[in-house]
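Asks: For the sequence shown, the positions run 109 to 370 when my numbering is used.
Read the hints as simulated data drawn from the structure, not as lab findings. Since the structure is predicted, the reported quantities are computational estimates derived from the model, not experimental observations. Heads up, some of the hints might be wrong.
Here are the simulated DSS-like pairs of lysine-lysine, each with C-alpha atoms no more than 27 Å apart in a straight line [what the hints assert, rightly or not]:
{"#": "1", "residue 1": "351", "residue 2": "315"}
{"#": "2", "residue 1": "351", "residue 2": "288"}
{"#": "3", "residue 1": "286", "residue 2": "209"}
{"#": "4", "residue 1": "315", "residue 2": "205"}
{"#": "5", "residue 1": "315", "residue 2": "286"}
{"#": "6", "residue 1": "286", "residue 2": "336"}
{"#": "7", "residue 1": "209", "residue 2": "351"}
{"#": "8", "residue 1": "288", "residue 2": "336"}
{"#": "9", "residue 1": "288", "residue 2": "315"}
{"#": "10", "residue 1": "205", "residue 2": "336"}
{"#": "11", "residue 1": "286", "residue 2": "351"}
{"#": "12", "residue 1": "209", "residue 2": "288"}
{"#": "13", "residue 1": "209", "residue 2": "336"}
Here are the simulated distance ranges between beta carbons [as the list claims (entries may be wrong)]:
{"#": "14", "residue 1": "226", "residue 2": "258", "range": "36 to 42 Å"}
{"#": "15", "residue 1": "255", "residue 2": "134", "range": "35 to 41 Å"}
{"#": "16", "residue 1": "150", "residue 2": "217", "range": "56 to 62 Å"}
{"#": "17", "residue 1": "283", "residue 2": "176", "range": "26 to 32 Å"}
{"#": "18", "residue 1": "145", "residue 2": "336", "range": "25 to 31 Å"}
{"#": "19", "residue 1": "321", "residue 2": "301", "range": "25 to 31 Å"}
{"#": "20", "residue 1": "255", "residue 2": "320", "range": "25 to 31 Å"}
{"#": "21", "residue 1": "275", "residue 2": "248", "range": "25 to 31 Å"}
{"#": "22", "residue 1": "255", "residue 2": "336", "range": "28 to 34 Å"}
For glycine and all other residues, C-beta sits at the position ideal for the given N, C-alpha and C.
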Amino acid sequence: MGPSSHILDLTLPLSMRTTPSTVYPGHPSVDISSHATVARDGYTVHSVHFGTHAGTHIDAPSHFVEGGRPIDQIGLEELRGRALIVDLTRGGTVGVKDRQKFEWEDLEAAWEAPHPGESLSDRVNSGAHSMLLIHTGWSLSRFPSPTSSNENFDPATFFAHPYFSVSIAHRLVSPSSKIKLFGMDTPNPDETPYGGIGGAEGYIFHKVLLGGNGLIAENLTGIDQLIKADPTGEWTVNLIPLKIEGVDGSPIRAFAYRPESS
Numbered sequence: 109m110g111p112s113s114h115i116l117d118l119t120l121p122l123s124m125r126t127t128p129s130t131v132y133p134g135h136p137s138v139d140i141s142s143h144a145t146v147a148r149d150g151y152t153v154h155s156v157h158f159g160t161h162a163g164t165h166i167d168a169p170s171h172f173v174e175g176g177r178p179i180d181q182i183g184l185e186e187l188r189g190r191a192l193i194v195d196l197t198r199g200g201t202v203g204v205k206d207r208q209k210f211e212w213e214d215l216e217a218a219w220e221a222p223h224p225g226e227s228l229s230d231r232v233n234s235g236a237h238s239m240l241l242i243h244t245g246w247s248l249s250r251f252p253s254p255t256s257s258n259e260n261f262d263p264a265t266f267f268a269h270p271y272f273s274v275s276i277a278h279r280l281v282s283p284s285s286k287i288k289l290f291g292m293d294t295p296n297p298d299e300t301p302y303g304g305i306g307g308a309e310g311y312i313f314h315k316v317l318l319g320g321n322g323l324i325a326e327n328l329t330g331i332d333q334l335i336k337a338d339p340t341g342e343w344t345v346n347l348i349p350l351k352i353e354g355v356d357g358s359p360i361r362a363f364a365y366r367p368e369s370s
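Take the sequences, apply the hints, and build the full model.
Replies: As structure tokens, then:
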């Protein structure tokens, strides 16, 4: 990257204002607190506590696969690649419903809208792209605001996110597919059970995709900005986790870039 590159951040901030209320049910809580200050100690240090799936993060195969690769064994080349971008809102003209289930055919239809006569399956098989990113608009409409008190934030509404059929996971791990990573702006590709609602299919999407040695990026944001800046979707995406030995995932700094001339 150089001065002629266009860079966009795809990461939600880890924040005591927003992140704790969006932690997946049953996962470790998030705490960010002061440990030392310049005034008292001559330097600043913070204590940060979170689970491996807090905020914008990546799932390694070991998240659901016994003996699967942990995050420190994921090569950097797998964390950087050209991305296909599917806009399920079709430029904001289509509203995504609570707990709406998307099939592969839905992704194909959303792809064809801005790419007439072009098949998403053909692009997935072409080998030119290694990532598939999905924009549902969920992080824009349901994630707590970083600038407000969020007194009216309702986790039950946040976790009523749309989700993805296992048919999509099977398509992406098929021998013809060249996609290695599936990313979206929701907290889970599977339906999240919350308050006794949902989750009947369990974690089948996770199990199939991670079982096929794929990767999953969750809670991305700003995918709509990629579409607005370059409708052709020619972005190189980087998903940078902490290199923690033996663990099943990590918060990431996710960003995309492209040359200004493209």
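Asks: Could you run down the list of hints and mark each one as holding or not?
Replies: A quick look at each hint next to the structure:
With a C-alpha separation of about 23 Å, the suggested pairing of residue 351 with residue 315 holds against the 27 Å cut-off. Between residue 351 and residue 288 the CA atoms are separated by roughly 19 Å; this keeps the pair inside 27 Å, and the hint holds. Proximity of residue 286 to residue 209 is assessed by CA-CA distance (about 24 Å); at most 27 Å being required, the pair is judged to hold. Distance check on the hinted pair: residue 315 and residue 205 sit about 25 Å apart at the alpha-carbon level, within 27 Å; holds.
With a C-alpha separation of about 18 Å, the suggested pairing of residue 315 with residue 286 holds against the 27 Å cut-off. For the proposed pair residue 286 and residue 336, the alpha carbon gap of about 25 Å is at most 27 Å, so the pair holds. With a C-alpha separation of about 33 Å, the suggested pair residue 209 and residue 351 falls outside the 27 Å cut-off, and the hint is violated. The straight-line distance between the Cα atoms of residue 288 and residue 336 is roughly 24 Å, inside the 27 Å bound, and the hint therefore holds.
Distance restraint check for residue 288 and residue 315: the Cα-Cα separation of roughly 14 Å lies within the 27 Å cut-off, and the hinted pair is therefore satisfied. At most 27 Å may separate the alpha-carbon atoms for a hinted pair to count; residue 205 and residue 336 meet this at roughly 22 Å. For a cut-off of 27 Å, the pair hint linking residue 286 to residue 351 stands: about 25 Å separates their Cα positions. Only pairs whose Cα atoms come within 27 Å are accepted, and residue 209 paired with residue 288 is accepted, the gap being roughly 22 Å.
The suggested pairing of residue 209 with residue 336 holds, with an alpha-carbon distance near 25 Å, which does not exceed 27 Å. For residue 226 and residue 258, the hinted distance range of 36 to 42 Å is satisfied, since their beta carbons lie about 41 Å from each other. Distance hint check for residue 255 and residue 134: the Cβ-Cβ separation is about 29 Å, which falls outside the suggested range of 35 to 41 Å. At about 60 Å, the beta-carbon gap between residue 150 and residue 217 stays in the expected band of 56 to 62 Å.
About 20 Å separates the C-beta atoms of residue 283 and residue 176, a value inconsistent with the hinted range of 26 to 32 Å. Here the CB-CB span from residue 145 to residue 336 is close to 41 Å, at odds with the stated 25 to 31 Å. The hinted range of 25 to 31 Å is satisfied by residue 321 and residue 301, whose Cβ atoms lie roughly 26 Å apart. Look at residue 255 against residue 320: about 40 Å separates their beta carbons, and that is not inside 25 to 31 Å.
For the pair residue 275 and residue 248, the supplied restraint of 25 to 31 Å holds, since their beta-carbon distance comes to about 26 Å. For residue 255 paired with residue 336, a C-beta distance near 22 Å fails the hint of 28 to 34 Å.
The structure shown violates the earlier hints numbered 7, 15, 17, 18, 20, 22.
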